[in-house]
Structure formats: C-alpha cells, structure tokens
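Student: Taken in sequence, the protein lines are chains A and B.
Here this note's numbering is used: position 52 in the first sequence is 52, and no number is missing along the way.
Numbering-wise, this note's numbering comes out as the position in the second sequence, counting from 1, plus 1000.
Simulated from the structure, these hints should not be mistaken for lab results.
For glycine and all other residues, C-beta sits at the position ideal for the given N, C-alpha and C.
There's no promise every hint is true.
[Stated by the list, open to error] Partner residues are not named here, just some residues of chain B that face chain A (Cβ under 8 Å, in silico):
| id | residue |
| --- | --- |
| 1 | Phe-1135 |
| 2 | Leu-1146 |
| 3 | Ala-1153 |
| 4 | Glu-1156 |
| 5 | Glu-1157 |
| 6 | Ser-1163 |
| 7 | Ile-1167 |
| 8 | Ile-1168 |
| 9 | Cys-1175 |
| 10 | Gly-1182 |
| 11 | Val-1187 |
| 12 | Met-1359 |
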Amino acid sequence: MDFIIAKYNYWIYIALMMIGFYAMIAKNNFIKKIIGMNIFQTAIILFFISIAFKKGGATLPILTDADAHGHHAITVAEYINPLPHVLMLTAIVVMVATLGVALAIVIMMYRKYHTLEEDEILKEIE
Amino acid sequence: MISEQATILVVIIPLMSALITPLVGWVKRELCYPWAMFALFLSTVCSCIVLHTVITTGPVHYYLGSWLPPWGIEYVVDHLNAMMLVLVSGTAFLVSLYSLRSVELELPDRFVMFYTLFLLQVTGFLGIVITGDVFNLYVFLEIASLAGYALIAVGEEGAPLASFRYIILGTIGACFYLLGVGYIYMVTGSLNMADLSEILPRLYGSRVVLVAFAFFMVGIALKMALFPLHVWLPDAYTKAPSVASALIAPLMTKIAIYVMFRIMFTIFRPYLSFELLPMPQIMLFMGIIAIFAGAIMALAQTDLKRMLCYIVIAEVGYMVGGVGLANSVALQGVVLHILNDVVMTLGLFCVAGIITYQMRRHDLASFKGVFVNMPLTMVAFLTVALSVIGVPPTCGFFSKWYLIQGAVMAGNYLFVFALLFSSLINVVLFFRIIEIGYYSFESDDAGHGHVESHGNGGRMLFREAPLTMIIPTLIVAAIVLLVGFYNQSIIANLIQFAIPQL
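Could you build all of it, start to finish, from the sequences and the hints given here?
Tutor: Shown next as structure tokens:
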C-alpha cells in the first residue's frame, strides 16, 4: 500500500497510458483511436512533468532580485529542474503535429468513404 | 571554413530548402524539382566532406550555438554515422533525380507539397543520423515519421488507411522511445549520448536503467518493423506513391537499425547489451523468426511492391540476428549489410516505380514482356536481384558472407540455415519474375483479354522508361557492383572503426 501511495504519480501515468493504449488498439472508430493516442501521449507528458517535481517547497530557479537581499533558490534542493518541462514543450508540439496529420488523414478517408468506422472502410476497399 | 560548418549544413540545407519550396513553387511550379535536387546535391556534397574529414582526422564534434556538452546539443559524426550520412543524402539525391515523371503522373495536383514533404523527410532522416543527443533524436524521429505519414497517405486506393495504422503504431514506438529517454534522464540527469555512456555503467544494476533499455528497444523495434511488430509496413509501403516508397522503404528501417546500434553500443556499452542481459539470444531468436516469416510471406504475394516489403522485413531479420551473434565479424557484416540493403532496396523500389509508371499497376503479371520492352530497366533489376540473392560480384554476397562467417564463429548454425533458406526463397521470388518477364508476352493473353489489350493498346513495343527514371536506376545498379568490388576497402577504412570494441 505504501508502495502505491509513495509513487502515485507513476501509477497515474501507467493507468492513463493503458487507457490510451486500449483505445488505440481496441476501438473501431478513428476519432476514438485518435483520442486514445492523445491520452497515451499526455500520460508521458505527465510522467516527465512529475519527475521534475521535488517535495518541500522547491521552486523554479528564478532570481527575483539580483542583488541577493531577498530569498531565492540557490542550493540544489531548493529549485526544481526546469529541463523536463522544456522537453515536454517540444513533445507537446510533436503531439499537436501528430494530431493534425492524423485528423487530416481521417478527413481524407471520411470524404472518400463517408464513414469513420474501420471495419466499414475495410469492407469498401475490398 | 566550409568543412568546419559542413556538419551542420548537411541538415540545415534540406530543412531550409523545405521551408522555401512552397515559395519556389509559387513562382513556378516546375522549379520545385530542380530546387529539391539542387538542395539534396549540396547536402550530399557536405556529407561527403564530413565523411572525408572523419576518415582522415577522426570523429567530428559540432556544438550547436557553441553550448558545450552535456548541456548543449552536440552533433557527433564518427565512422558509423558518416557512412550513414552519405548513404541517406546520396539516396535522397538519387530519388529526387528519379522523382519528376512519377510525381507528375501520380500526384499532379500535389507537386509542390510533395517536394516540401520530401525534403522534410530527408531532414528528419539526416537529423536522426547526425545527432548526439537522445532527445534531439526523438524530435528528428518524429519529423521523419510525420513527413512519412503524409507522403504515404497521398498514395493509391487504401493509402490513407495504411497511413493511419502507421501513425498509430509509429506513435506508440516513438512514445516508448521517449519514455526510455525519461527513465534515463531520471537517474542520470543527462541527455548527451557520450555523457550517458560515461555515467550509465555505474548504474547498470539499477532497475530504472534496465526498464529504459527495454523501452528503447521495443520502441525502435516498432520503427524498424521487426517481425511481430511489422504489421504497418507492407500496407504503408505498397500503397505509398512510388517515389515516396523508393525514399522511405530503403531508409526508414535501416535508420532504425542504426539507432539500435547507437542505443546498444554508444548509450549503453556492449558489456550491458551482450553480457549482463540476454540480448544476443533474444535478438537471434527474433532475427531468425523475422527471416523465416518475411521470406515465406514474400512467397505468398502476387504484388511486386508487397513482395519487396516482405523482403525488407526478412532483411531486418538479417541485421537484428547479426547483432545478436555478438562478434566483430558479424557486426562488420551487419554494418556492411546496412549499406548494401539501402542500395539494393532502393534499386528494387526504383524498378517497381518504373513498372508502375509504364504499366499503371504493380502486380507481378505486369512484368509480362518487360525484357523485350525495357531492356535497360531489366539490366538494373537483374543486377540488384542477384545482389539480394547474394551472387558473388555484387555487394549482397559479401555482407551475407560476413554474417555467415560470424554465425559459424558464434556456433549458431540455425542462423546460417535461416540465411541460406531466405537466399533460396529470394532465388525463387526473382526467377519467378524473370520467368514472367522473359517467357510470357502481353499477346499471350490476347485470346481472352483481346478487348483489354486494345483498350490500352497503341503503345509501342519498345517502351523504356523516361531518362530521368532510368539513369538513377542504372546508377544504383552500378553502385551495387562497385560496393561489391570495393567491399574490402570500405571495411578497412570505414566499417572496422564503426563497430564497438568487443
């Protein structure tokens, strides 16, 4: 039980990922598949964001006053790593691009076959 | 001066010219073709300069924006990826030379967009090969994949569905790779490959690192279409436009194998990949299954491009199994086979494109009478086919020779058997085509298909492909022979430095 609570962020990301995975594999409707793909990718983004987090009031390493009178994060324990956030900014762009391409292809198919169900399109192709 | 910047120019030139292509097409539609060719020619020249620098003075490091590693993104070119760079840019240049007539026929209303995507695709491929940063590799992997999805989707009937399935599986593969990056970053705090290979050996006991390794391997196996994960490949490459499949089919799977090399031997050390984990056994097993499955399924196909796709799947099995043999002879064979397989697959898909262009279809029956009608195409086809089978003066023989030698050294005779079995299947596959092409003519089916042959009649008997298509195909056939003749010096100057010290 302790094992689950202490690492709850990983459990959440695994659960989300599996939900997305299931939708991508098992659903017959293309839009549902795309939604599943998005959940899958979002789960990974949540995973990256959560590994940057530190307990105990750590903050982003932003210097509020440069002449060092006030309090700002100087030691490693006091600031959280901004790099995973930055990486995920790029990953979100990739995700949006994938979504765009997938939707464009679905539109192509809808114009041609007037349906979004995979089995109906397969029947029409054969 | 130019030789210092050549490393970055290899990637920058196709990227920038991809962005300018719509403008060029807006000025004049036809200019896109020479423009793309020019850009890829420059990129090829730059990668040749890089290759020359690497051979004479050793690996090249380029720090983007002068940010030093491990913080900045670093481009590292050693012997392995110098070879890959020349291979990718050279292939792209030949395909761009080849593309004009086929694109005009198949995608007349998407001419400008096709060349934009084409250049973006090449940018992605070159970026994957050149980068020394694991996250940067992910970004380029997605650039290449996204351009590929779009290029495949504009193909013939059923292409959008094939492309959609490729998107689903390709995204799963890329996401697994990204998860691997995340796990690695959790324990090391670094993304630079060279830095990782220094830090990771102390953590080889860690379960996080092992999970990361597993995620990397599964993700990249999806991208390389290793046998049970190959389902997206045949549909996607069969239904893509001929030029797109001539570009993507030779390169994508081989680049994924290059990435596998990097993961196993640069990010992780051979000590982990070969000794701590049972990877050699797993890879041999998967490789042998892929060879058998690919070869047998290729036999069942009646469509030329589909048959070639299953040959590609079997060839992936050669290379994965070859890495699994885990000795330096086999690894040399694998790297040489990457080179050979790109050239051979390119040649085969170029011929498939010519057949599609001339006959408007690409089933095996469309080969009827081709030896009389298209002698030059058939010369190229025969050279490449003999190489795929593995007949001595052509390049395919030598890599198979090294692989078999490595298998004998490793004492794995099942792999030897699999290689020979698939070579025999290739003999059957190609001689079936030669039989159709040599012994049957279109007049043969005049009895029952008389109206049809009149319908598309009026063509000349001698209908060789247009010059822009036949010249690159013949060049590829010549390269097949040249790589065969010079395989010794390629191995002595390049490949023996490209494999890890075992």
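Student: Each hint needs a verdict: does it hold in this structure or not?
Tutor: Consistency of the hints with the structure:
no. : hint     : result
1   : Phe-1135 : 6 Å, holds
2   : Leu-1146 : 6 Å, holds
3   : Ala-1153 : 5 Å, holds
4   : Glu-1156 : 11 Å, violated
5   : Glu-1157 : 7 Å, holds
6   : Ser-1163 : 6 Å, holds
7   : Ile-1167 : 5 Å, holds
8   : Ile-1168 : 5 Å, holds
9   : Cys-1175 : 6 Å, holds
10  : Gly-1182 : 5 Å, holds
11  : Val-1187 : 10 Å, violated
12  : Met-1359 : 22 Å, violated
Of the numbered hints listed earlier, those contradicted by the structure are 4, 11 and 12.
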